[in-house]
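K.L.:
Produce the entire structure from the sequences given, and follow the hints as far as they go.
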Amino acid sequence: MSVRRFKRSLITALMLCLASPAGLADITYSDLPDLGAASRESMSPTQERELGEGAIREIRRSGVLVDDPEVNDYIRRIGGKLVDATGEVGIGFNFYVLLDKTVNAFAMPGGFVVIHSGLLAATQSESELASVMAHEVAHVTQHHLARLVDSQKMTPWMLLGALGLAIIAAKAGNSGAGMAAVVGSQGYAIQRQLDFTYAFEQEADRIGMQTLQKSGFDPAAMPLFFQRLQKENRLVEGGAPEFLRTHPVTYKRIADAEARLKGGSYKQYPDSSDYRFVREKLRVLQMGTKEAVSYYRTTLEQKRYASLAMQQYGYALAQWRDGQFDGAWKSLADARSAYGKADAALDYLGGQIRLSQQKYDAALAIFHDGAQHFPASRGLIYGEIDALAAAGRNDEALAHIHSAQELYASDANLYQRESRVYAAMGQVQRQYKAQAEYYARILEYGPAIEQLQLAQRSPGNDFYLQSEIDARLQDMMQLAGRNDKKGEASKLDASAPRF
0 MSVRRFKRSL
10 ITALMLCLAS
20 PAGLADITYS
30 DLPDLGAASR
40 ESMSPTQERE
50 LGEGAIREIR
60 RSGVLVDDPE
70 VNDYIRRIGG
80 KLVDATGEVG
90 IGFNFYVLLD
100 KTVNAFAMPG
110 GFVVIHSGLL
120 AATQSESELA
130 SVMAHEVAHV
140 TQHHLARLVD
150 SQKMTPWMLL
160 GALGLAIIAA
170 KAGNSGAGMA
180 AVVGSQGYAI
190 QRQLDFTYAF
200 EQEADRIGMQ
210 TLQKSGFDPA
220 AMPLFFQRLQ
230 KENRLVEGGA
240 PEFLRTHPVT
250 YKRIADAEAR
260 LKGGSYKQYP
270 DSSDYRFVRE
280 KLRVLQMGTK
290 EAVSYYRTTL
300 EQKRYASLAM
310 QQYGYALAQW
320 RDGQFDGAWK
330 SLADARSAYG
340 KADAALDYLG
350 GQIRLSQQKY
360 DAALAIFHDG
370 AQHFPASRGL
380 IYGEIDALAA
390 AGRNDEALAH
400 IHSAQELYAS
410 DANLYQRESR
420 VYAAMGQVQR
430 QYKAQAEYYA
440 RILEYGPAIE
450 QLQLAQRSPG
460 NDFYLQSEID
470 ARLQDMMQLA
480 GRNDKKGEAS
490 KLDASAPRF
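Going by numbering that gives the first Met the number 0, 82 is the number at position 83 of the sequence shown; the sequence numbering is gapless.
These are computed hints drawn from the structure, not numbers from a lab.
Pair ranges (Cβ atoms, derived):
1. GLN209 - LYS329: 45 to 55 Å
2. SER336 - ALA198: 47 to 57 Å
3. ALA422 - GLU257: 56 to 66 Å
4. ASP325 - LEU478: 45 to 55 Å
5. GLN357 - ALA254: 56 to 66 Å
6. GLN226 - GLN357: 48 to 58 Å
Below 25 Å or equal to it, Euclidean Cα-Cα: the simulated BS3-like pairs (lysine-lysine) are:
7. LYS213 - LYS80
8. LYS329 - LYS302
9. LYS340 - LYS329
10. LYS302 - LYS289
11. LYS289 - LYS100
12. LYS329 - LYS289
13. LYS302 - LYS100
14. LYS340 - LYS302
15. LYS261 - LYS213
16. LYS358 - LYS329
Beta carbons: idealized from backbone N, C-alpha and C, even for Gly.
P.N.:
Take a look at the structure:
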């Protein structure tokens, strides 16, 4: 079955479920994935968060979220800037990039915003990207999902059931791609209904544009991006981009957005280097490895590119991913020359190439020097840790990890690296504890409990460490909402799918 047909079948199933509770008649509550407890009466902010957490867990398990430090750090930074401009303090926002060529974005209850890589790659300016993100943030801050539930007299457990059914259907079809397709079409039918509610879209446009203005981005980017998508839709055969299907853009909406610009002062917002490098990286990641190498080699030979430096960077990245390390190093040197100045992205790729060549000292020097110039780069921090660990300098790697954890306490990847270093050092209890912290930060409380129980059972005579493990286990059990006895806490919900 094609992805398109699979996608349609899942959306149809969801719409049937939401249209009638009878659509869930053959599925018991225990069959559904663990998406968080939901009240059967009304949707509170806590329940919105639980639904969002449950959905993002399932999306992560499907393997379609981008796990790249530069991409994730960038999208969270832009998202944070927009959230700060809203003045919203009651919602903990989380921003993700989903590896999918379709041009789309969606927001889930509780502050979870996901941008398709295809949308970011399709933008022509940083303000265009920010305009889409501001629109999705507005859906969350205005609690559109909760308002939709209230208006349709729909209970949260119906939402939970519909989302669970979509995940079961995707799992039955063996589709990580199926999950991406469902999520890429606003995740589930409730979000799809939300998108087709004109009043909510208009409100998200209005508030999103205010957010753009307050955060310093160009508010004109919003109608400009919508207009370009509509034009491309008319020119390209095969139907509208997913973004237009899930966010129907009418001429009235574009006119309304343009009207809001009148009387306002114009301020051009220059694109950051991070935006340009991340956009190019996502273009590479969207393609197959061989396809990417061929694409960049051809476009460079034919001189078909907007920026020579970005094209050479993309070529170097594609070559590195293809195992052509010497060629990647040469292409990176060409990119550095064309770009004409230092950048964290160039240093990060350079260190990665040397690390792949097992030239650990050279890699460490690149990461270390880069981190001195660009101390906020999460990629360079990871790179220095990885180079130290690869060279067997575990004590130094741990020191760097613990220093970074003081700055970025919620960074799951730092704890995963800590676990690997402790494993190499033979410190099993600390290995399991660090891995538990990794799982906790990606909202996988069941596996976190398992890791802490393994730590409890591992040999060790550090009383303080044992006390920390015991206390943390109790925390995880509470977060998981478990009432089991201590000895039974490792029993995970068998219905939770593992994609």
